[in-house]
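Enquirer: Here are the chains, one letter per residue:
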Amino acid sequence: MSYRSVAILCVLAGFAQSAAADRQKLVVVVARGSAVTSVSRSELKHCFMGDTISPAGVPLVPFNAEPRTAQRGGFDRAVLGMSPDEVGRFWVDRKVRGQSAAPRSLPSIAHVQKVVAKFPNAIGYVPADQLTAELQPVKVDGVAYTDSNYALFTE
Amino acid sequence: MAMAVPSIARAQAAASAGASDVDLAALGLNPTAAPFDDKLNIYGFTELDYAAKHFSHPVPGAPDAKGFSAGDLNVYLSKNLTEKWRSLAEVSFLYIPNGGQNADGSTTITTVNDPTNFSRPITWGGVSIERAYAEYDVDEHLTIRAGRFLTPYGIWNTDHGSPAIIAPFRPYVIGDAYFPEHQTGVEFLGKTLVGEYRVGYHATITNGRSPVEATGDPDGKPAFGGRIELEAPWAGTLRLGLSGYLGRYTGVAAVGATAESYDERSYGGDAQWDHGGLRLQLEVIANSRVYPAGQRPLVFGRTAADGTRTGGYILGGYRFTYLWNVMPFYFYEDNHPSTQNGEQTARAHNMGFNFRPTDSVVLKAMFSAVSLHEDPFLGSIHIDLFTTQVAWVF
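Chains as they are written, first to last, in our numbering: chain A, 1 to 155; chain B, 156 to 549.
Note that these hints are calculated values from the structure, not bench results.
For every residue, glycine included, the Cβ atom is placed at its ideal position computed from N, Cα and C.
Chain A is nowhere near these chain B residues, computed Cβ spacing over 12 Å in every case:
{"#": "1", "residue": "Ser211"}
{"#": "2", "residue": "Pro213"}
{"#": "3", "residue": "Phe484"}
Covered by chain B, according to a simulated footprint, are these stretches of chain A (three or more residues, beta-carbon under 8 Å):
{"#": "4", "segment": "51-57"}
{"#": "5", "segment": "81-95"}
{"#": "6", "segment": "108-116"}
Part of the chain A face toward chain B, derived, beta carbon under 7 Å:
{"#": "7", "residue": "Ser42"}
{"#": "8", "residue": "His46"}
{"#": "9", "residue": "Gly98"}
Work out the full structure: start from the sequences and follow the hints.
Expert: Quick look at the structure:
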């Protein structure tokens, strides 16, 4: 392999590492003290797609990040399995059918922190470095965000 | 294996400071109450169509035609009344009766002179209440809905509005209403999650089908309906549904005359599979009617016969992520009405494109080759139909 090829590979590897470093873990959160400590990805998907779910007997009220943010994009792809365009079409079609509206989108991470902390039934998600003492991380499919095999990331 | 998050304490302090600045009241959230949205939401949709049709031989009263038509303007009003009570109303503002075709072939014109505008001519249209109901969540598995609602059957009837529907118009089996499109009464509905599966149900008690079903039940006999549905994460998402309906239709007759009446049963099955951009969906429906003695109408000079109508369609399409999210699609439909009553057997191949340049705007173009058979007047006839539509949600 020539020096030039090695150099190109190093540059590409550097870009890949940098992109991975930019992605942060996205932690599903409820209010501190909530009985909800773990949800399945399926429950999370249904909760954020208009169904009522009550893990641990608590009916959850979902709050989203703003559309087109790194948090929202990562969450929608990982949990709903949809791109931003698909999510947009999904909710418009539900409106036309007369079905329940999209979860409320909050304008900033600070809003998610405060709303989830204030309301015992609220569930949202924040980047790992934005966790506060008032928020309780929730395991997803039994995996904590501190585990190496945690699979929710910002986009 | 646990992973250390070294900056978390510092981040928590900074984040807490940010969160304390947030004004929940400005978001319409009251920290002392449940976080439900109690705003009145007003939104809707409408459409513009262009259609060109050509008949294989001349049809009296239905010449080849082409032109634009403006669709109905549907406005929704929805509101969460409390955490458990909701209300939804959908009102359709219509251009008809102006331009409506009458049974004798004439056209209704509603032009009048407007005395508030120097008696200049204006045409007026109508209003149709598509649905208006309140619903109450007993728990997460049971909701009770009361009012006028869309009959919970199949895919097309609940997709309902043109922006959510792939093709520009409905298949015969849906348009001919083998199930009533709307009903007035009470609906019990709910769902439960079983692992990754979602099981749902609907049960209805209503006035059933009649020309005046929103305001009364001419025969006083309630109609019953039901639906069960399953959503499974099989190679994407598979949805299966079975629906049924049992009721008596009673028309409205002139004073002294006997109204048409029949007992009817409808059964339907539907399936929808979404895998990435791929969509496959089908519906098959049967509707049978039995006339009590003395209540058969005359159809084309003959006494109407008992009979069963069957029909269905299958649709396939693939949504790409380019060219305005284009979805090429094809659907085939086959409709076998009760031919004793002068209804036509219809088969159609439909192929077209559905574009979704934004969430709220849909563009459609479709070519249809329709074959009608056993028409009591026309025999067999072929219709070539080209339709385009722009529909938008606001």
